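Protein chains: 2
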Amino acid sequence: MSSQPLRIVVIGGSAAGPKAAAKARRMDEHAEITLIQREPDLSMASCGFPYYVGGTFDDRNMLVCTPAGIVRDPAFYGKAKRIQALVRTEATEIDRVAKTVTYRDLPTGEQSTIPYDRLVIATGATPLRPSVPGIELDGVTTLHSMADADALRAVRDERKTTKAVVVGGGLIGFEVCEALRLAGIHTTVIEKTRQILPFLDPDLSKLVENHVRAHGPDIIVGNGVAELLGDNGKLVGVKLDNGTELPCEVAVIAVGVRPNVKLAQAAGIEIGPVGGIRVNEYMQTSDPDIYAVGDCVECTSLVSGKAVRAPYGDLANLQGRVAGQNLVNEGSARFPGIIQTGICKIFDYAVGFTGLSAKDAREAGFDDIETAIISGLDIPGYMSGKLLISKLVADRKTGRILGFQCIGPGDVSKRVATVAMAIRGKLTVDDMVNADLPYAPPYSLAIDHVISSAQVMDNKLQGRMRGLSASEVKQRVDAGADCFILDTRSPHEFEETRLGIGETLIPLGALRDRLGELPQDKSKEIILYCKISLRGYEGAAILDAHGWTNVKVMEGGVVAWPFAKEK
Amino acid sequence: MSSQPLRIVVIGGSAAGPKAAAKARRMDEHAEITLIQREPDLSMASCGFPYYVGGTFDDRNMLVCTPAGIVRDPAFYGKAKRIQALVRTEATEIDRVAKTVTYRDLPTGEQSTIPYDRLVIATGATPLRPSVPGIELDGVTTLHSMADADALRAVRDERKTTKAVVVGGGLIGFEVCEALRLAGIHTTVIEKTRQILPFLDPDLSKLVENHVRAHGPDIIVGNGVAELLGDNGKLVGVKLDNGTELPCEVAVIAVGVRPNVKLAQAAGIEIGPVGGIRVNEYMQTSDPDIYAVGDCVECTSLVSGKAVRAPYGDLANLQGRVAGQNLVNEGSARFPGIIQTGICKIFDYAVGFTGLSAKDAREAGFDDIETAIISGLDIPGYMSGKLLISKLVADRKTGRILGFQCIGPGDVSKRVATVAMAIRGKLTVDDMVNADLPYAPPYSLAIDHVISSAQVMDNKLQGRMRGLSASEVKQRVDAGADCFILDTRSPHEFEETRLGIGETLIPLGALRDRLGELPQDKSKEIILYCKISLRGYEGAAILDAHGWTNVKVMEGGVVAWPFAKEK
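Line by line, the protein sequences give chains W and D. Residue numbers 0 to 566, in numbering that gives the first Met the number 0, belong to the letters of the first sequence in order. Residue numbers 0 to 566, in numbering that gives the first Met the number 0, belong to the letters of the second sequence in order.
Keep in mind that the hints were calculated from the coordinates and are not lab data. Quick caveat, the model's predicted, so the values are computed rather than measured. All residues carry an ideal CB built from backbone N, CA and C; glycine is no exception. Treat the hints loosely; a few may be bogus.
[Claimed, not checked] Computed from the model, here is a short list of chain W residues facing chain D with C-beta under 8 Å:
1. Leu127
2. Tyr381
3. Leu426
One chain only, chain W, in its complex shape (with noise of 0.2 Å):
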């Protein structure tokens, strides 16, 4: 043991930095642990605020205690793991030749120098905020910090809003639309571009719009806010670029986050290709006394080999125990990188991703790559299984899984879990269409969701089925495409529902008997679907048999349709 402790100062309190500390501590009871948090709160769950905010719970401790009930503040860090926590603090710079953090008390103005062997920079995310007039009126906010969800809370609370508009139509903008739906408050969201949910290729995104706007809110893409308008410094609506206006008492401003670097930059710290901490995969930044973790940081993709922004709470957790432990024995710890895996809840829906959508992977250089969308139940009908839709991208020439997108009332979480590992374990559709996974009734069908994917994504590598998404076959029908569209349900089950795209009915159990019906021209394109293009894919082996030469099926059938269907 040296005389001398170990110094260690981590900058940011909210989810990293703590980590971070708290591991530190575990692996040396002797180290001086300083924990420099600007806001009142520390450790703060700020992935639960939307809970807070819609009601799911109302004891607002519960957002900053420990599982035994116990609110982390400064008094519990000094107790239970002797770390000094100082918030309401703000560090104004780091001098790495003195190797010291200069910081300030908010409260008092009072300035303070530490000094350090080790510093973490845990500065996490700033949101960001669009530079339109009436930025700045009393009714815009975010959700991002403890003030913000109390903020929002005490709008549920007070029952006076009765019109909200959610700026940003991602992962945060549909939490934040779902709390403030069920607060009773109407409200529609409002997304720049052309498609709600970046990570989701679009017609699963199209599926959980249609999913938002059963549940009431409105939804408007491609149109952005042009101007938030004000009445005595108080907001009453929201100009869109086209004109629009909607009426509002609350704005909620999800448009992303950009890193906070500013100390770090400021302290000559190198900043990577997207705007983060460069880190290596012992977290250190460019000085190797110098840690960061979380939010402001950038990692390595596992999937795309390339830099990217993954600003999520899990990781951060992950990325403050590795620097905590490198902290103290200094490489013995490694984050390797990450696969960017999501999830969140909308209403009865899951959605979920893993790795790359078909759009990213194009983006990413992946240059040949299929994809396979399946529908199908997550647990067997007697069981009372819910519908799950998803989407499966692997490289064509290796077979590798690259992403894996899934949505619906269905069990989306365990299915995203499953495939994030096997995109993890660089496992290849050969694999995954034999895995091995808990099956019983209660929580699964005897084929798994994901192993299916798998199946149809290996006929289609095969050869053995050619597919084409609801919006492609929605395009042709669009243009008039000489196509036969073919519906090989029940009669029952198209009387109940229908796309109304010109399709003709003949249910699979009756196909060969009436392949006479078909087109005479064997090179006549031939769409087949079913319910979840099952028999739609029985029908068209059938068809490829009898000597079609273009017969193509619309992948997960009617459920996955996003478009409007006839009753």
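Go by the hints and put chain D onto chain W.
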């Protein structure tokens, strides 16, 4: 296209057989496919039997119909799949030279012979029945066939039975136990060995035992059935090896199955070392024109490399698909092996496993393993998270994950699926500590249970934590060992419930100030724990740092303690 269609015969119509036939049909529209099934039903969802018996659903047809609601009878197979399905038909002989199968129509006794180019054996397995007096009594049954399911469902519907005994404490035994309990029948499970649920290690198994008892049923371990007692041909009780007599009107035998290999064996097809039909990775038997799939075969464990039997419905389906593909296109699909993954619902608990338990790992020749038991919530407390208790097994030298067991009211199935995929990818503890899984409060903690589990394992492998299981602690206590036991929870928690094993309470936050109360002999064994042993672990780090040299953590804490507690 050959002028002569391929002749495919499939023996067995329950799960693997129909799958092979249906896949072969999709691969080759022109093949002549015949399915020979002894039972009257086809393609039964036999894993759903306990839920039909227990009243989760009432419509028997749901066990034999497609997702679109069509009963999979011979007419359906004929129409939708152009497969000739012969039910109530028993295959009696395979002539490998003539390449024919002889079968008998069971109602008429008429014999016929059918030629094949490719044959699939999917003869399944037969429930074992102990050879004890009374085994033929009315009231003694298994839950294996549709007829069994019908009979047990009738027991529920007639509401006459008040007491039942389940013989065998495995997966099926407990599914049946729950179903009978839900039917209002007092049920006792008899297990000959010392432990229920043999795929679990003893501590976790004991926790499940406690859970079952809390729901009403009784469990007797270490005691076999000596005799089934009858009166006028009707079951009236079960007599155990130790002489105990349990009155009951129904006894369900669930002591495992043996693969049906007679037909294959008689035809000179090779049987493997663990008694199933031996197949290669194409599901091909020792005769290259004959495939075998489902409960009658043995598989290769991808973890141990050994031959194992794994009679599970999901694997039957996967194998059926592989065989179906190879029937038409030899060598085009592989089934490399299994992990040994399973799950079962037992009242409010799910009980799951993947890979090897500690005892199975040792038996399989892994002589240097490490284990980590943890408990924790599946999702945050503020989202009403539920408990998970799990045990991870890893190879100490390579860090490779070998197995995972997980039980509890929380979402077990997701965690088992996640680790199953990690094992499939041959991931190590190092890979798993930083897994990028889908995090949002409705679905996971910021650090998911499986990651925490890997982190604890990492701490143990790196020598930062020495652990003891609850059983190991209990043994020490019972033997009067000289150790100091330290509970680091709060006084409030201690008041509520305590282990009562001579422990001293020092809350973690006070530990540094009260080190004087600990044994002065720094080499004395000190065992710490808290509710889940996170604070216990933090306390251990403090004691290590202050010179105690024999400090251990009781893994899983109070919630994983399977023995009596004081309240």
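We went through each hint and held it up to the structure:
1. Violation of the interface hint for Leu127 (chain W) is found here, the shortest Cβ-Cβ separation to chain D being roughly 21 Å, above the 8 Å cut-off.
2. At about 4 Å, the closest approach between the beta carbon of Tyr381 (chain W) and any beta carbon in chain D falls short of 8 Å, and the interface hint on this residue holds.
3. Because the beta carbon of Leu426 (chain W) sits about 5 Å from the nearest beta carbon in chain D, less than 8 Å, this interface hint is met.
In terms of the numbered hints stated before, the structure departs from hint 1 and from no other.
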